[in-house]
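Student: Here the protein sequences come in this chain order: A and B.
Terminal number for the first sequence in numbering that gives the first Met the number 0: 291, no gaps in between.
Terminal number for the second sequence in numbering that gives the first Met the number 0: 279, no gaps in between.
Treat the hints with care, since some could be wrong.
Ranges between beta-carbon positions, derived for each pair [said to hold, decoys possible]:
1. Ala154(A) / Glu153(B): 43 to 51 Å
2. Val80(A) / Phe24(B): 30 to 38 Å
3. Pro264(A) / Asp194(B): 56 to 64 Å
4. Gln250(B) / Pro84(A): 48 to 56 Å
5. Gln67(B) / Val269(A): 53 to 61 Å
6. Ala51(A) / Gly161(B): 31 to 39 Å
7. Ser68(B) / Asn87(A): 50 to 58 Å
8. Arg83(A) / Thr70(B): 25 to 33 Å
9. Asp244(B) / Asn87(A): 38 to 46 Å
In case anyone wonders, no lab produced these hints; they're calculated from the structure.
Note that the structure is predicted; figures quoted are calculated from it, not measured.
Yeah, the Cβ is synthetic: ideal placement off N, Cα and C, and Gly gets one too.
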Amino acid sequence: MTKFIDLTLNGISTGAIYAAVALALVLIWRSTRIVNFAQGAMLMITTFIASAVINSSGSYVLGFVVALASGLVLGAIVERVAVRPVENAPPLNAVIMTLGLYTLLVAVAGMIWGNTPRSFPAAFSLRGYRVGATNLLFTPNDTFTVLVVIAVAVALAVLFRGTSLGLRMRAAAFAPEVARLLGVRVGRMLTVGWALAAACGAMAGVLVAPSVFLGPNSFDPILIIGFVAAVLGGLDSPPGAVIGGVVLGLALSYVSGYEGSALVPLAALVILVIVLMIRPTGLFSATKERRV
Amino acid sequence: METREPREPLTGAGGLSVLDVVVSFGGIRALEGVSVEVSPGEVLGVIGPNGAGKTTLFNVICGFVRPQSGTLSWGGKPLTGVHPARLASLGIARTLQGVGLFGGLTVLENVMVGAQRFRRARLPLAMLGLPWSDADERRLRDRALVALGRLGCEDVVDRLPGTLPYAVQKRVALARALACEPELLMLDEPAGGLDARELSELGDLIGSVGSSVAVMLVDHHMDFVVSVCDRLVVLDFGRVIADGDPSTVRQDPRVLEAYLGREAVQDDALRSGGAEDAHA
Numbered sequence: 000m001t002k003f004i005d006l007t008l009n010g011i012s013t014g015a016i017y018a019a020v021a022l023a024l025v026l027i028w029r030s031t032r033i034v035n036f037a038q039g040a041m042l043m044i045t046t047f048i049a050s051a052v053i054n055s056s057g058s059y060v061l062g063f064v065v066a067l068a069s070g071l072v073l074g075a076i077v078e079r080v081a082v083r084p085v086e087n088a089p090p091l092n093a094v095i096m097t098l099g100l101y102t103l104l105v106a107v108a109g110m111i112w113g114n115t116p117r118s119f120p121a122a123f124s125l126r127g128y129r130v131g132a133t134n135l136l137f138t139p140n141d142t143f144t145v146l147v148v149i150a151v152a153v154a155l156a157v158l159f160r161g162t163s164l165g166l167r168m169r170a171a172a173f174a175p176e177v178a179r180l181l182g183v184r185v186g187r188m189l190t191v192g193w194a195l196a197a198a199c200g201a202m203a204g205v206l207v208a209p210s211v212f213l214g215p216n217s218f219d220p221i222l223i224i225g226f227v228a229a230v231l232g233g234l235d236s237p238p239g240a241v242i243g244g245v246v247l248g249l250a251l252s253y254v255s256g257y258e259g260s261a262l263v264p265l266a267a268l269v270i271l272v273i274v275l276m277i278r279p280t281g282l283f284s285a286t287k288e289r290r291v
Numbered sequence: 000m001e002t003r004e005p006r007e008p009l010t011g012a013g014g015l016s017v018l019d020v021v022v023s024f025g026g027i028r029a030l031e032g033v034s035v036e037v038s039p040g041e042v043l044g045v046i047g048p049n050g051a052g053k054t055t056l057f058n059v060i061c062g063f064v065r066p067q068s069g070t071l072s073w074g075g076k077p078l079t080g081v082h083p084a085r086l087a088s089l090g091i092a093r094t095l096q097g098v099g100l101f102g103g104l105t106v107l108e109n110v111m112v113g114a115q116r117f118r119r120a121r122l123p124l125a126m127l128g129l130p131w132s133d134a135d136e137r138r139l140r141d142r143a144l145v146a147l148g149r150l151g152c153e154d155v156v157d158r159l160p161g162t163l164p165y166a167v168q169k170r171v172a173l174a175r176a177l178a179c180e181p182e183l184l185m186l187d188e189p190a191g192g193l194d195a196r197e198l199s200e201l202g203d204l205i206g207s208v209g210s211s212v213a214v215m216l217v218d219h220h221m222d223f224v225v226s227v228c229d230r231l232v233v234l235d236f237g238r239v240i241a242d243g244d245p246s247t248v249r250q251d252p253r254v255l256e257a258y259l260g261r262e263a264v265q266d267d268a269l270r271s272g273g274a275e276d277a278h279a
């Protein structure tokens with residue numbers, strides 16, 4: 000029973016990180032219909048920047064804030080410089096562009112910071128809470144992770160549902176031409192969408208870095224699982240991404256605990272295939288179907 | 000390029016003036032030197048057979064299509080090359096063929112997007128979610144509710160457009176265009192899919208938009224167009240073939256020929272009202 004509780008708690012905290020990565024992918028898919036394969040490399044860059052800030056200033060909070068800010072800037076730059084030219088081109092162009100960007104960022108990071116993974120500080124203690132005589136597999140840092148992800152998910156929900164900026168972003172995503180006619184600066188909305196997504200990814204990078212270490216390729220597995228979570232949630236729906244992330248976190252935690260951690264990547268891909276076979280629109284898709 | 004004497008715009012400071020606009024797609028001339036003017040308070044109907052260039056003309060005014068030559072001016076200022084996203088702030092609103100509503104946004108949200116002209120908060124403030132942006136939200140909501148109330152759609156504000164009857168969706172689309180309080184209202188096939196009662200309601204509504212608003216509409220429904228418009232412009236193969244008050248225009252031999260073909264016109268011997276079936 001203790002094991003089940005441990006695995007559940009662990010699943011929730013890793014699920015929160017998958018949810019953040021999935022949110023980053025969903026925000027971009029919603030606004031530009033692009034699957035951002037470079038997301039893992041983008042959040043790797045911002046996490047390296049956070050690491051440099053934390054090492055030189057000694058302040059975790061400053062590092063976190065700088066990671067989010069550099070995420071916003073990096074996302075906006077990527078949208079303006081790399082995404083704009085492929086926007087109205089065939090979808091394959093965008094896929095190749097994000098793959099190319101991934102390669103570029105990983106290579107640049109290797110040149111600047113080296114390819115050896117390094118440690119990254121956690122915000123709070125990594126020692127599990129003590130209940131009676133046992134140490135739970137849930138740490139104060141996990142609490143921090145879950146709370147931060149919940150806060151960001153709520154903030155995004157308020158932004159999209161409750162503000163005129165969110166309304167314009169949704170309008171631009173649904174029908175760009177119509178939105179433009181009504182006075183929405185669609186291009187600017189796309190830039191904001193990419194910036195928010197990259198900031199969300201940057202947050203996930205800082206949260207997960209203490210457990211995966213920090214290197215140019217450290218975040219690739221997280222991105223794959225985040226992608227599965229996004230598809231699980233419908234790829235279109237931010238609440239779906241959060242639920243998909245937590246569900247996947249739990250499922251993979253049970254697989255890892257009861258069957259062995261070697262099976263985790265396989266299990267993630269099996270879940271992806273099953274979801275695509277049974278419910279290709281995802282479990283929580285906002286739009287019933289989208290025919291092009 | 001044709002050489003012809005540039006005409007002076009009829010309208011002075013106010014209104015829309017389209018002068019000698021030429022548009023071609025590949026080898027096809029969609030508009031060949033089209034000139035059209037609309038003044039505030041006037042309802043102008045643009046009619047013509049399919050492919051005559053009506054929608055292209057709308058797209059040129061909206062900046063979706065850039066003309067090869069010719070000039071556009073709005074309120075005495077040049078409108079050529081103006082980005083579509085700036086139109087609403089210039090007081091130009093357009094409805095689209097069909098309904099063109101955002102399927103995933105509620106009726107109220109749809110109309111709030113149309114009221115963006117009255118937004119004040121700048122982007123960085125909006126991203127920080129500062130109080131200005133809150134007040135903005137309320138202002139847009141109020142504007143949208145007023146526009147919806149004017150069209151009798153208060154009961155459906157929280158519904159998704161897809162769940163409403165077509166005629167109600169058309170009213171919501173019109174509310175969205177009116178929400179920016181336009182000085183030029185462009186309606187692309189507003190009568191499409193409406194029954195007789197809904198048509199007369201629409202006619203009353205267009206008549207009531209006010210003396211400061213110029214209305215420009217494209218439609219196939221001849222009876223509706225004749226009853227609603229103060230003036231008609233007839234396009235055929237990208238040229239203006241008639242321009243005048245509705246009763247004169249519908250008797251014009253060139254118009255009847257464009258709609259019915261030369262043979263039919265001769266056969267029917269210009270039987271009055273013959274153009275009514277043209278939309279069928």
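Student: Now tell me, hint by hint, if it's right for this structure.
Tutor: Hints, verified against the model:
1. Ala154(A) / Glu153(B): 43 to 51 Å: At roughly 32 Å between Cβ atoms, Glu153(B) and Ala154(A) fall outside 43 to 51 Å, so the hint is violated.
2. Val80(A) / Phe24(B): 30 to 38 Å: 31 Å, holds
3. Pro264(A) / Asp194(B): 56 to 64 Å: Holds: the Cβ-Cβ distance is about 60 Å, inside 56 to 64 Å.
4. Gln250(B) / Pro84(A): 48 to 56 Å: 54 Å, holds
5. Gln67(B) / Val269(A): 53 to 61 Å: 57 Å, holds
6. Ala51(A) / Gly161(B): 31 to 39 Å: 50 Å, violated
7. Ser68(B) / Asn87(A): 50 to 58 Å: Between Ser68(B) and Asn87(A), where Cβ atoms are some 26 Å apart, the hint is violated.
8. Arg83(A) / Thr70(B): 25 to 33 Å: 30 Å, holds
9. Asp244(B) / Asn87(A): 38 to 46 Å: Hint holds: Cβ distance 43 Å, inside 38 to 46 Å.
Comparing the model with each numbered hint stated earlier shows that hints 1, 6 and 7 do not hold.
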